[in-house]
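Student: Residue numbers (UniProt numbering): 1 to 194.
Because the hints were derived from the structure by calculation, they are not lab data.
Take these hints with a grain of salt, some might be off.
Said to hold, decoys possible - Restricting the straight-line Cα-Cα distance to at most 20 Å, the calculated cross-link-like pairs of lysine to any residue (SDA-like) are: (1) K189 x E9; (2) K157 x T177; (3) K127 x E158.
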Amino acid sequence: MSRNEIIFENVSVNFGEKQVLKDLNLTIKQGEVIGIMGASGIGKTTFAKVLLGLLKPSTGKVVGLENKKFSAVFQEDRLCEGFDAITNVKMVLPTDIGTEQVEKEFSKVHLTDYKGKSVSKLSGGMKRRVAIVRAVMRKSDVIILDEPLKGLDEILKEQVISYLKESLSGRTVILVTHDKSDLEALHAKLLFLS
Numbered sequence: 001m002s003r004n005e006i007i008f009e010n011v012s013v014n015f016g017e018k019q020v021l022k023d024l025n026l027t028i029k030q031g032e033v034i035g036i037m038g039a040s041g042i043g044k045t046t047f048a049k050v051l052l053g054l055l056k057p058s059t060g061k062v063v064g065l066e067n068k069k070f071s072a073v074f075q076e077d078r079l080c081e082g083f084d085a086i087t088n089v090k091m092v093l094p095t096d097i098g099t100e101q102v103e104k105e106f107s108k109v110h111l112t113d114y115k116g117k118s119v120s121k122l123s124g125g126m127k128r129r130v131a132i133v134r135a136v137m138r139k140s141d142v143i144i145l146d147e148p149l150k151g152l153d154e155i156l157k158e159q160v161i162s163y164l165k166e167s168l169s170g171r172t173v174i175l176v177t178h179d180k181s182d183l184e185a186l187h188a189k190l191l192f193l194s
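With these hints in hand, go ahead and build the complete structure from the sequences.
Tutor: Okay, structure coming up:
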């Protein structure tokens, strides 16, 4: 095992009688883009939560998580509604990253006009883009994107995909989606959960 790999060894996750992941074996190499697909309720988000350490496997283990920095865009918004968009991004960044750098990233996903607006006043698609910028700017080793393009129209989707391709080079990316075209656009290696 390379120290840059993350390895799932016979990982299973049970919720009571229901087994969501069963004997998953997977090696994720540094810089790989892995696309997770499968039917609703099959365990895609559970996989992401195990990877983040938010959920322990019922059996098996995940090796290689130590000393890795993670960032994530969850299916549900995890933004602080009482703060503006800029503050939501800056609160997870080192103090040496200034407002101008965040504004530059916002311009790449067409959020410039909304940077000072309270997150509670933003549309769902705008909130997704704030969350994406926040996750990307955190400079993590592994970024988990759980349905990141949900709620975006086709034009914005293309712009955000372009932003992700430009910004995530060399980082390990886990993309959970129902849309195979998202995986193809990001050149993701497919893991189909069934």
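Student: Evaluate each hint against the coordinates.
Tutor: Okay, the hints, checked on the actual structure:
1. Among the hinted pairs, K189 with E9 is consistent with the structure: their alpha-carbon atoms are about 19 Å apart, no more than 20 Å.
2. Of the supplied pair hints, the one linking K157 and T177 holds, its CA atoms being roughly 13 Å apart against a limit of 20 Å.
3. Restraint check for K127 and E158: satisfied, since their Cα atoms lie roughly 17 Å apart, inside the 20 Å limit.
In terms of the numbered hints stated before, the structure departs from none.
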